[in-house]
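Residue numbers (the UniProt record's numbering), protein chains in the order written: chain E, 1 to 138; chain H, 1 to 149.
No lab work stands behind these hints, which were simulated from the structure alone.
If you anchor each label on the Cβ, the simulated ranges turn out as follows: (1) H/V51 to E/P44: 18 to 28 Å; (2) H/L58 to E/L111: 11 to 21 Å; (3) H/G14 to E/S52: 42 to 52 Å; (4) E/A123 to H/I118: 42 to 52 Å; (5) H/I44 to E/V133: 36 to 46 Å; (6) E/D98 to H/A109: 19 to 29 Å; (7) H/Y116 to E/V94: 15 to 25 Å; (8) E/A40 to H/V51: 17 to 27 Å; (9) H/Y114 to E/V37: 10 to 20 Å.
Example chain E residues on the side facing chain H (calculated, C-beta under 7 Å, incomplete): (10) S14; (11) S39; (12) R65.
As the structure is a computational prediction, the values presented were derived from the model and not from experiment. Idealized CB from N, CA, C, for every residue including glycine.
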Amino acid sequence: MAGNDYARNTTLRSPLGRVRGLGSAKGGTHHWWMQRVSSAALLPLTLWFALSAASLAGAPYEVTRDWIGHPLNAVLLLAAIGLAFQHTASGLQVIIEDYANQEWVKVGAILATKAICWLLAIASALAVLRIAVLRVAV
Amino acid sequence: MSIMQDSREATMIGRKSDGTPIRRPLSPHLQVYDMMQLTSALSISGRITGVIWSLGLLMLVWWLVATATGPSAYASVSWFMTSFLGLLGLFGLTAAAWFHTLNGIRHLAWDAGYGYDIPTTYKSGRWVLIGTAVATVLTWLIAIIAWAS
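Chain H with its partners taken away, still in its complex shape (with noise of 0.2 Å):
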């Protein structure tokens, strides 16, 4: 083991039952895991998610303080969101947003000591892909029949 480079290096320090120290890779590690792999692959779409989310959240803070603004400034917020980039923005954040939304209630699940097992995460991580697919449908369902009316 060489001299620290990096604070976090002392969080990666383990130990093998046999006593000797190893180093051990950081989490969500983005070169050790195979990303091609069910589990990994959503383990690290739930931080990409997240982020996307984040992003999104501008949104709504520019939807509120335009609708506060004024009726112009909600009409340059209306424009932007039925707009071609708008809609693709708005459609992907709403099939990101219930990918975390439902991949978080997994999570909440394994914090509680349920579903921690493989053939269980590989089956509820399918639900979740089935049930993020199903609720972004329904969400623009809605919102088409509330624009068309």
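Chain E extracted, bound-state conformation (with noise of 0.2 Å):
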């Protein structure tokens, strides 16, 4: 081949796939980066939390309460409920677009991980903030 065909194949993408509209939506690397930026925040919060958890083992159900109640840990931990459902979803949303290869089991699965994902995130939410209320107004 000539050295201009070699110029010309500068994109590994087929034609095919970009007239399908799967190439660049200007937001491609947006849910990359967002698993980025979410990990990075959740690896303090990890640590914060494994560690509180492991301290909490066998505790009687004040201290688990107080502790979840706390000002500091209440905040601490609707940051990573948020953080981690959040990276949850986007992590499985990748691995069903990996391995689910019909589009409607595809679409289905996604949305019905994001839906329990947001559904847990809530209560979980709504559990510490219960406890964080109610502490005060006792």
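These two chains come separately, so use the hints to put the complex back together.
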């Protein structure tokens, strides 16, 4: 082949891939980048939570309740809950996209994952807020 | 090349340096890579431990909701977590979580452009395994000390 032909093949994406709308949508790195951002934020939160949870092993109800209700712990728990479920939902989405080979299975599984993650995150956040608020009220 | 059966195929088609189109394997492909290699074994383990941690979050949700509900709900979650199955699950979750965390640091370093050569990849992979073992044992030491006191 002539040198010019090499130069034309500057992309690994096929023309068909591009016309099908699978090319750049100017937001292609957003999902990837948010996965990195949430992972970086979760690093210190994981360290903190793992050590805290380990030291709460075998703790009676009142001790655990008061630990969750402490303002500092409640704030960090809420941050961890939001980030953890965001990171989980986008991680599971990538796995589903890689292994589900039918479009409806893929879309359905991703939507179901997101719905479950949202509901569990809201339930966890409500639990933390309930404990933190009741601690002040009582 | 045949007609596309699957929308993912668009991302699997590449060109060789002479311009001829070729099919590329999906990544991480389960049949193409030798899972006995440390690199590919740790790669798929990153995903598997991520899924395990996703399931482990259910335990966190249960623990938080039970504590918000009251002493009897807290007693049930405590009973489960200190049962044989609960302890086994929590121990596995601890190991999976530390692996995913340490392997995640490795990935962040790669993304920043560090440690991507083959010898460093093997070396950092071994450190991830050692670190996982050490961190898991330390976490459980803290838990056992807290439990005993």
